[in-house]
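J.: Sequence order for the protein chains is A and W.
Letter by letter, the first sequence follows residues 12 to 122 of my numbering.
Letter by letter, the second sequence follows residues 1363 to 1479 of my numbering.
No lab work stands behind these hints: they were computed from the structure.
Quick caveat: nothing in here was measured; it's all calculated off a predicted structure.
Among the clues, some could well be false.
Below, simulated BS3-like cross-link-like pairs (lysine-lysine); rule was C-alpha separation at most 25 Å, straight line [what the hints assert, rightly or not]:
id : chain 1 : residue 1 : chain 2 : residue 2
1  : W       : K1426     : W       : K1376
2  : W       : K1404     : A       : K114
3  : A       : K14       : W       : K1404
4  : A       : K14       : W       : K1403
5  : A       : K114      : W       : K1403
6  : W       : K1417     : W       : K1382
7  : A       : K82       : W       : K1404
8  : A       : K70       : A       : K82
Some, not all, of what chain W presents toward chain A, calculated at C-beta under 7 Å [claimed, not checked]:
id : residue
9  : T1394
10 : F1396
11 : P1402
12 : L1408
13 : I1455
14 : K1459
15 : I1464
16 : F1470
17 : S1472
Calculated Cβ distances over 10 Å to all of chain W for the following chain A residues [to be verified]:
id : residue
18 : G27
19 : K28
20 : V56
21 : T80
Glycine residues also receive a C-beta, built at the ideal position from the N, C-alpha and C atoms.
One-letter residues, chain by chain:
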Amino acid sequence: SQKIEQNSEALNIQEGKTATLTCNYTNYSPAYLQWYRQDPGRGPVFLLLIRENEKEKRKERLKVTFDTTLKQSLFHITASQPADSATYLCAPGGGNTPLVFGKGTRLSVIA
Amino acid sequence: GAVVSQHPSRVICKSGTSVKIECRSLDFQATTMFWYRQFPKKSLMLMATSNEGSKATYEQGVEKDKFLINHASLTLSTLTVTSAHPEDSSFYICSAKDRSRINYGYTFGSGTRLTVV
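Okay, chain W solo, but in the shape it has when bound:
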């Protein structure tokens, strides 16, 4: 139980294009999902909190117009990296919590490796 599916696992795109990453909770509903990015050998950095039916909450320093988040249903949040540049290349990971599971933590997707060329 508590499975989060993230797609795609890898993507290479050209500078200036946009890339959409999907995060789905497969067997539970998630009114809130979280998006992180991770640089090599660094810890996860929280980017934003995705809220179903309302605007996402972005962490300080994260450009909301650059990283568009949409949480249109109870099982799907998307992160769109707009006008991507090489410095956006990173590992992006989403997570969610199945509130019905007590004494259980958060479930993470398997991550998306974005390379902008």
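Okay, chain A solo, but in the shape it has when bound:
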């Protein structure tokens, strides 16, 4: 069955550092991979989508990579800020099929 693993349940980093979150998937060959942010008591918010033929995508302080050979995506937040503290979810897939999420990584950026 399809499986999504996000490297750690929680990650604490110092303000100003780069946060790197990992998403590994098995039994999938997704054409896309998506990253979302979820704050407590709120629905997820879309951040970035990367296609299988793209190695890297950037948006402001965010960078996503997608390695279809390793079946892995890395999500980076540079110059992290306390406001970046949230749970980050990865979801292989797209089109109009339902998304299945990993368990998420709860990021805490400490001032």
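With chain A held as given, fit chain W onto it using these hints.
T.: Using the frame of chain A, we list chain W on its own:
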């Protein structure tokens, strides 16, 4: 653009009653919407896919008679939790995709916190 409105945001109901949750796409049409539930500190669990004008597709283990889904228009899907029990207390979230937006993901509602007492 691509806004999904979910209502109510919170609801408390008595055991045995039914609760309806609405999910609306405000600025796009959505032939398909998705319903999730989320337990505290857990990830989102897909419950069902709501299809406009046809029956919903339920995930394994989700009781279709318990969680009634209606998608009567291109902008509205509803989830009714019937004969609610305390174990149905959870955070329910809907989502949809604006197909006109390329390289864009799914839009989620702000969620409904259901408490059954």
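J.: Tell me if I1464/W is really an interface residue toward chain A, meaning its C-beta lies closer than 7 Å to one of theirs.
T.: This interface hint is violated because 9 Å lies over the 7 Å limit.
J.: Check the hint pairing K14/A with K1404/W against an upper bound of 25 Å on the C-alpha distance.
T.: 15 Å, holds
J.: Under the criterion that the straight-line Cα-Cα distance not exceed 25 Å, is the pair K14/A, K1403/W satisfied?
T.: Holds - the C-alpha atoms of K1403/W and K14/A are around 19 Å apart, at most 25 Å.
J.: Have a go at the L1408/W hint: is there a Cβ in chain A nearer than 7 Å to its own Cβ?
T.: 5 Å, holds
J.: Does the structure keep K1426/W and K1376/W at a Cα separation of 25 Å or less?
T.: Satisfied, since the Cα-Cα distance of roughly 21 Å is no more than 25 Å.
J.: Holds or violated: is there a CB of chain A closer than 7 Å to the CB of F1396/W?
T.: Since the shortest Cβ distance to chain A is 5 Å, the answer is holds.
J.: Take the shortest C-beta to C-beta distance between S1472/W and chain A; is it under 7 Å?
T.: With Cβ-Cβ at 5 Å, under 7 Å, it holds.
J.: Quick check on the hint: I1455/W CB to chain A CB, less than 7 Å?
T.: It holds, given that the least Cβ distance between I1455/W and chain A is near 5 Å, below 7 Å.
J.: Going straight from one Cα to the other, do K82/A and K1404/W come out at no more than 25 Å?
T.: 23 Å, holds
J.: Taking C-beta pairs only, is G27/A more than 10 Å away from all of chain W?
T.: 28 Å, holds
J.: Does K1417/W pair with K1382/W here, judged by a C-alpha cut-off of 25 Å?
T.: 17 Å, holds
J.: Does the alpha-carbon distance linking K114/A and K1403/W stay inside the 25 Å limit?
T.: 9 Å, holds
Taken one by one, the earlier hints fail for this structure at numbers 11, 15 and 20, listed in ascending order.
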